[in-house]
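Q: Below, each chain spelled out in residue letters.
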Amino acid sequence: MKRISVGVFKLTSCSGCINELIYALVKHPELLKLIDVKYFTELQDVNALTELNVAIVEGSCVREEHEGILKKIRGLSEVLISMGTCATLGGVQSLRVGVDVSEVKKYVYLNPEYVDAYNDVKAVGELIQVDLSLRGCPVNGDALASIIKKIVIGGWPLEVYESLCADCKRAGIECVVVAKGTPCLGPIVSAGCGALCPSFGRGCYGCYGVKDKDLDPEKIFEMEKALGRLGLSKDDFYSLLKGYSMSLVKSLKI
Amino acid sequence: MMSMMYEGSIRDVGKLLSLLSSLLNLKVIGLRYVNKSLSYGELNSIDEAPLNVEDVQAPSSYKLVEEGASGRFRHSFPSLKYFLYPPVQDVLYIGRDFSSREAKVDLGDVALFGIKPCDLHSMKVFDGILMNRDPYYTSARSSIKIVVVEECVKPSKVCFCGSLGTGPWASDGFDVAFARLSNSVVFKPGSSIGSDLLKRLNVKRASDETMYEYREAMDNALKSTKALPELTALNNALEKSMGSGELWTKVSRKCVGCSNCNMVCPTCFCTEFFDEVELDESAVRLRKWHGCLSYSYGLVAGGHFRPKLYMRYRHFILHKFLFYPNQVGLIGCVGCGRCITWCPLGVDIRETLWEVFKSVS
Ligand code: SF4
Ligand code: SF4
Ligand code: SF4
Ligand code: SF4
Chain B
440 MKRISVGVFK
450 LTSCSGCINE
460 LIYALVKHPE
470 LLKLIDVKYF
480 TELQDVNALT
490 ELNVAIVEGS
500 CVREEHEGIL
510 KKIRGLSEVL
520 ISMGTCATLG
530 GVQSLRVGVD
540 VSEVKKYVYL
550 NPEYVDAYND
560 VKAVGELIQV
570 DLSLRGCPVN
580 GDALASIIKK
590 IVIGGWPLEV
600 YESLCADCKR
610 AGIECVVVAK
620 GTPCLGPIVS
630 AGCGALCPSF
640 GRGCYGCYGV
650 KDKDLDPEKI
660 FEMEKALGRL
670 GLSKDDFYSL
680 LKGYSMSLVK
690 SLKI
Chain D
5 MMSMMYEGSI
15 RDVGKLLSLL
25 SSLLNLKVIG
35 LRYVNKSLSY
45 GELNSIDEAP
55 LNVEDVQAPS
65 SYKLVEEGAS
75 GRFRHSFPSL
85 KYFLYPPVQD
95 VLYIGRDFSS
105 REAKVDLGDV
115 ALFGIKPCDL
125 HSMKVFDGIL
135 MNRDPYYTSA
145 RSSIKIVVVE
155 ECVKPSKVCF
165 CGSLGTGPWA
175 SDGFDVAFAR
185 LSNSVVFKPG
195 SSIGSDLLKR
205 LNVKRASDET
215 MYEYREAMDN
225 ALKSTKALPE
235 LTALNNALEK
245 SMGSGELWTK
255 VSRKCVGCSN
265 CNMVCPTCFC
275 TEFFDEVELD
285 ESAVRLRKWH
295 GCLSYSYGLV
305 AGGHFRPKLY
315 MRYRHFILHK
325 FLFYPNQVGL
335 IGCVGCGRCI
345 TWCPLGVDIR
355 ETLWEVFKSV
365 S
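Protein chains in written order, with the working numbering: chain B, 440 to 693; chain D, 5 to 365.
What the hints contain is simulated information worked out from the structure, not anything from laboratory work. The reader is advised that the hints may include incorrect statements.
[What the hints assert, rightly or not] DSBU-like, lysine-lysine: derived pairs with alpha carbons at most 35 angstroms apart:
| no. | chain 1 | residue 1 | chain 2 | residue 2 |
| --- | --- | --- | --- | --- |
| 1 | D | K128 | B | K619 |
| 2 | D | K108 | B | K589 |
| 3 | B | K588 | D | K292 |
| 4 | D | K258 | B | K652 |
| 5 | D | K158 | B | K619 |
| 6 | B | K619 | D | K108 |
| 7 | B | K692 | D | K258 |
| 8 | D | K292 | B | K466 |
| 9 | B | K664 | D | K128 |
| 10 | B | K510 | B | K692 |
| 11 | D | K40 | B | K664 |
| 12 | B | K689 | D | K254 |
| 13 | B | K664 | D | K158 |
| 14 | D | K108 | B | K664 |
| 15 | D | K227 | B | K619 |
| 16 | B | K692 | D | K158 |
| 17 | B | K673 | D | K244 |
| 18 | D | K292 | B | K472 |
| 19 | B | K664 | D | K227 |
| 20 | D | K312 | B | K689 |
| 21 | B | K664 | D | K67 |
[As the list claims (entries may be wrong)] Okay, the calculated bits of chain D under chain B, using three or more residues with CB under 8 angstroms as the criterion:
| no. | region |
| --- | --- |
| 22 | 57-66 |
| 23 | 296-302 |
None of these values were measured; they are calculated from a predicted model. By construction, the Cβ of each residue, glycine as well, lies at the ideal position given by its N, Cα and C atoms.
Taking the hints into account, I'd like the entire structure generated from these sequences.
A: Laid out in structure tokens, this is it:
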């Protein structure tokens, strides 16, 4: 089997997905023999920005410099994967979109002038072509390992677009909305985590992001109304959407 | 034709359950209510059956109550499908030389206990579609040797079997049916094994008073579960409505395509196949339930058969009411109402059918 060259890059994010990737590699050490890691600053000291079979990008784009880096990586790689909700949809840092970033910086940093960020937060796909998007905050490590395996042996994962509820029902979990009146975003959120939150009796807060194929603003409004009846305020509902699905909030204009 | 009926007590129901395992050596499968949670599994005694709880159901709302329960349990979201046609199932084991071995299903010899008439009927629908076609279903189904049905004296607010002739009582395809009345339990054999089993219980021929109470209860239950327009007229209306995207967009306005309805429906059988690949290039092929309300359903290389959500919602309804009859000679909906209760958005199939009926007729 030919080894594939891989680069892992990080923009603005918490490194949680990179941790998941490292755990996945530790759990499946045989994978390390099949990939040739060219660039992965969290894993090795010597890194080279060269041509790659697979580039994996974590994090969203928050300044001009990132845009240049992304275009460069795209030019060097055959396949580019956005890893996690930040890279795929914007991530939690998107909560600041709509507020002047120089104001926001002051709340957090002693020397806000050191922080270089523009007002917008952009998902990787808003700037360059993405071949495979993996959602999740963080991503599901097992899914990640399975995808790497498939790519290594020359295959490609099957993408299924369905709501979290499908996972939830297949796992035999009693719906928290119906049985407890607990707000849950599951119906409009992509499956992928295996219904982790509902399996503990709590509602999904949408960390895999809103589904991107079959919803329009009216459907989102129906969900807002349904959860509103259970006590989730409009503000909280839209904050959750913004925090985990910013690029869709932009494209759906909600 | 009404077969001879017997009357006894709840203790006889317990005895019947014990006979299934002690006399016939069957694994008794039914809904168990243990530690306040409900799931399909092996019933070791009648105390584990949900006899003293009630499911209070309404669109998008479900509560199990013990206190003040009338002891009239209907159902929860898991249908027989979880047992006969599980959510995730191995199908093939494939070697790196592409040799393959079929997965085997072996459930032993089973008795189904306490299932409801609507669920009994859902098995007929599944049989029509899957029996002798799907090897995994065929094995699972063939493991069922005895079926004991509990008829519904008090249907829930979402039940509409009466409109479809699938309940509230059982007519065929079972061995024993029982119904709990105010002070007694009536038993009805549905097969010769069923008659034999009843002979071993301490039950006597049902008195006229008991039969009167039973018939009245069933009559009321039937009335309370008639919730659809007359079926021939309804089907004509559905046929006519097919091309109206506007109407179907309107009736599906609340639906967000979460596929809960597909998952809880006892007659939805669609699956998607996945390969779990290992680095030595061996693989396990498995199938998972997949619902027609999900976007992936109808997505094929080069296009999509039902790209809009209203088209998929329409398919869900039309498949049950118009297409199953052509496929298996039975309406695909058994009126259990699970899709109504477990839709988080409160979509109610009865309202959809009325809305279509009224705007087309
Ligand atoms: S608990 Fe949430 S994810 Fe599960 S079925 Fe209900 S709404 Fe869907
Ligand atoms: S009808 Fe309800 S349960 Fe079914 S997909 Fe639509 S929103 Fe989900
Ligand atoms: S469509 Fe709804 S009411 Fe009909 S069988 Fe399925 S879940 Fe039950
Ligand atoms: S739909 Fe009819 S048969 Fe099914 S539980 Fe309700 S009353 Fe019983």
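Q: So, for every hint listed, does it hold in this structure?
A: Going through the hints against the structure:
Using a Cα cut-off of 35 angstroms, the hinted pair D/K128 and B/K619 holds, with the two alpha carbons roughly 33 angstroms apart. This hinted pair checks out: D/K108 and B/K589 have alpha carbons roughly 26 angstroms apart, not beyond 35 angstroms. Note on B/K588 and D/K292: the hinted pairing holds, with a Cα-Cα distance of about 21 angstroms set against a maximum of 35 angstroms. Among the hinted pairs, D/K258 with B/K652 is consistent with the structure: their alpha-carbon atoms are about 17 angstroms apart, no more than 35 angstroms.
Among the hinted pairs, D/K158 with B/K619 is consistent with the structure: their alpha-carbon atoms are about 24 angstroms apart, no more than 35 angstroms. Pair hint B/K619 plus D/K108 does not hold up; C-alpha atoms about 38 angstroms apart against a cutoff of 35 angstroms. For the hint pairing B/K692 with D/K258, the CA-to-CA distance comes to about 19 angstroms; that is within 35 angstroms, so the pair holds. Straight-line distance between C-alpha atoms of D/K292 and B/K466 comes to about 25 angstroms, which keeps the hinted pair within the 35 angstroms bound.
Proposed proximity of B/K664 and D/K128 is contradicted: the alpha carbons are some 39 angstroms apart, above 35 angstroms. With a CA separation close to 26 angstroms, the supplied pair B/K510 and B/K692 stays within the 35 angstroms bound. At roughly 31 angstroms between alpha-carbon atoms, D/K40 and B/K664 fall within 35 angstroms of each other, so this suggested pair holds. For the hint pairing B/K689 with D/K254, the CA-to-CA distance comes to about 26 angstroms; that is within 35 angstroms, so the pair holds.
Straight-line distance between C-alpha atoms of B/K664 and D/K158 comes to about 32 angstroms, which keeps the hinted pair within the 35 angstroms bound. Pair hint D/K108 plus B/K664 does not hold up; C-alpha atoms about 46 angstroms apart against a cutoff of 35 angstroms. At most 35 angstroms may separate the alpha-carbon atoms for a hinted pair to count; D/K227 and B/K619 meet this at roughly 30 angstroms. This hinted pair does not check out: B/K692 and D/K158 have alpha carbons roughly 48 angstroms apart, beyond 35 angstroms.
With a C-alpha separation of about 40 angstroms, the suggested pair B/K673 and D/K244 falls outside the 35 angstroms cut-off, and the hint is violated. The suggested pairing of D/K292 with B/K472 holds, with an alpha-carbon distance near 32 angstroms, which does not exceed 35 angstroms. Simply put, B/K664 and D/K227 have alpha-carbon atoms about 34 angstroms apart, close enough for the 35 angstroms limit, and the pair holds. Between D/K312 and B/K689 the CA atoms are separated by roughly 21 angstroms; this keeps the pair inside 35 angstroms, and the hint holds.
The hinted pair formed by B/K664 and D/K67 meets the criterion: a straight-line CA distance of about 22 angstroms does not exceed 35 angstroms. Beta-carbon proximity to chain B at under 8 angstroms applies to 3 residues in the region 57-66 of chain D; the threshold of 3 is reached and the given coverage holds. With 3 residues carrying a beta carbon less than 8 angstroms from a beta carbon of chain B, the region 296-302 of chain D meets the three-residue requirement, and the given coverage holds.
Comparing the model with each numbered hint stated earlier shows that hints 6, 9, 14, 16, 17 do not hold.
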